[in-house]
Amino acid sequence: MKKGIFFQVIAIFIILIGWNLLHLGFEFQKDIFEDNISTSPMMLLSMQENSLEQLRSKIEKNDYIKDVAIIQDSVIAERLIENYDLEGSNEILRSYLLPTAMQITFVGEKFQIEQKQELERILLEYSPSVIYYFDETQWRGNQNKIEILTKVYYAGFGLFVILMLFISIFLRIHFEMKSNIFWKIYHSSGGYIGKRRKQFFVNSLYICFIPLILNVTIYYALIYFQLLHLEIDYRFFGIELLTLVISSLFAGIAVGKNLK
Amino acid sequence: MLKIEGFSLSRENKKFMLINEILIGSGVRVNIFGNNDTGRSLLLRSIHGDHHDYGGQILIKDKPLVFYKKKKKTILLDNTSHLLINETVWKNIIIPLPKITARQKQKILELCTISKLGDKIGNKVKTLSSSSKKFIELIRAVIQLPQIILIDDLENYFDDKNITVALEICNFALNSGTSLITTSKRKLDNFDSYYRIQDSKVVKL
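Residue numbers (the numbering used here), protein chains in the order written: chain A, 1 to 260; chain B, 261 to 465.
Quick caveat, the hints were computed from the structure, so don't treat them as lab data.
Mixed in with the good hints, there may be bad ones.
Claimed, not checked - Short, incomplete list of chain B residues facing chain A, as computed with Cβ under 7 Å: (1) N273; (2) K330; (3) R400.
Unchecked claim - Straight-line C-alpha distance at most 27 Å; calculated DSS-like pairs for lysine-lysine: (4) B/K359 to B/K384; (5) A/K145 to A/K66; (6) A/K178 to B/K330; (7) B/K274 to A/K178; (8) B/K329 to A/K178; (9) A/K110 to A/K61; (10) A/K3 to B/K329; (11) B/K386 to A/K3.
For each residue, glycine too, the CB sits at the ideal point set by N, CA and C.
Make the full structure from the sequences, and use the hints.
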C-alpha cells in the first residue's frame, strides 16, 4: 500500500474513532438522564384496592411502563412504623384505615411527553378519585436535558459528516493530483491504460473498508471483553460507510479525466 | 505489421509528409531521416495514436489505431523526459511492469550492463547524464516487447557509439518480433531499411 493511501486510511480511522466516541458519549449521557426518569416513580393512592387493580391491568402492558407494584395498606402501616420508629403507637396506627398504594416505574427511554399525557388521560378516565404523586419538575428537567443533548448530538453528527466528506475528498484529490506525474510517465512508458482507474477503485475500497472494519472490530472486541456496556446500532456503521463511499464518488468525479 | 497508406499531414492548407505506402514487417529496424520541420515527430505521434489530424490510414496488424486506443501496442520515446528523477534507475525501469519475472529481471540487469548502467541501478535518475536517462527509457520500452518502438530524433540523445549500444539493446525486442522505427536528421548506420523525407514526400531508399 502506498504511503498516501496509508495516510488517508489512518486519518479516516481517527475521524471514525472521534465519530464513534461522539455517539457513545451521547448514548452514555442519555442513559444517565433516562435512568433518572426510571428511578423517579409515580405513586398512586386510593382507598379502593379494586380500582388500582383495574388501573394496573389497563396500563401495565404499555411499553413505557417498567413495573407496577401494589402496596397493601397493612404493608404501608408496617413500613411507617419501621421507618419512623412508631412501635409505641403501633395499635393506634393499625386502627386507622390507610390507603392502598400503587408504585409505577417507567422505562426512561420511552416515557416522554406523549406517554405521560396518555397515562394522565387513563388515570382521569378510569380512576378519577385516585391521588397521585409524581416529581414532574425532575422529569421535565431530564426531558429538557435529553432534548438539548439530542440537538447537540445531531449537530455534532452533521459536523462529523461534513468533516469526513471534506477531509476524505480533499486528501483523495490531493494525493491523486500528486500522483499525476507518475501516471503520466506510467502511461507514456507503455503501462496498461486502465490501470489508474482500476487502482483508484482498489484504493477506494481500502479507504472505505479498512478504517471502518478496524473501528467495528475494536467496538465488538470491547463489547466481547465487556469493557464497553453501551451499544452502537449497526446502522450507524452503515451511515459511516455511506459517507466514505460518497466521498470516494465525489473524489472520483473531481479527479475526473485524470483517471483515464 | 505496420501499414501506412495515403498518409499526409497538413499545415495552413499545405500538405506535407506525403506517404504513398509504407509496409514495415516484424523485427525490422527502420530509419526515417530528413530535415527539421518536415513532420518526423508528427508521423511518429500519429503512429503512436497521439496525433489524429492526418490524412490516409495507419494500420497495425491490419487494424486501425482506434482498435489500440485502450491497449497500446507502440511505445514512443520522444524529446521529453518520462522519468521520475527522484527515484532509482531500477524503479524507473519497472514502472509499467505489472509483475517482474525472473527472466525479465535478469534481462533488465543484462541490458543495464550493456548500457553501462549496471553499477548505477540503485542511483537516483537525477544524478545521471541525459544519454543514460534515455537508455533507461529504452530499456523500459524494450523489456515490454511492444509491437513497435518509436524513437524520435535518435541522434539527439546518443552519439554514434551510443547509437550502436542502443541498437544492441533493441535487438532483444527485435528478436521477439518488435519493430523499431526511428527518425533522425541524417541517415544512421545499421538499419534494415531507410526512408528519406524529400520535397515533403517520404521516399524509400
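Tell me, in ascending order, the numbers of any earlier hints that this structure violates. 1, 7 and 10
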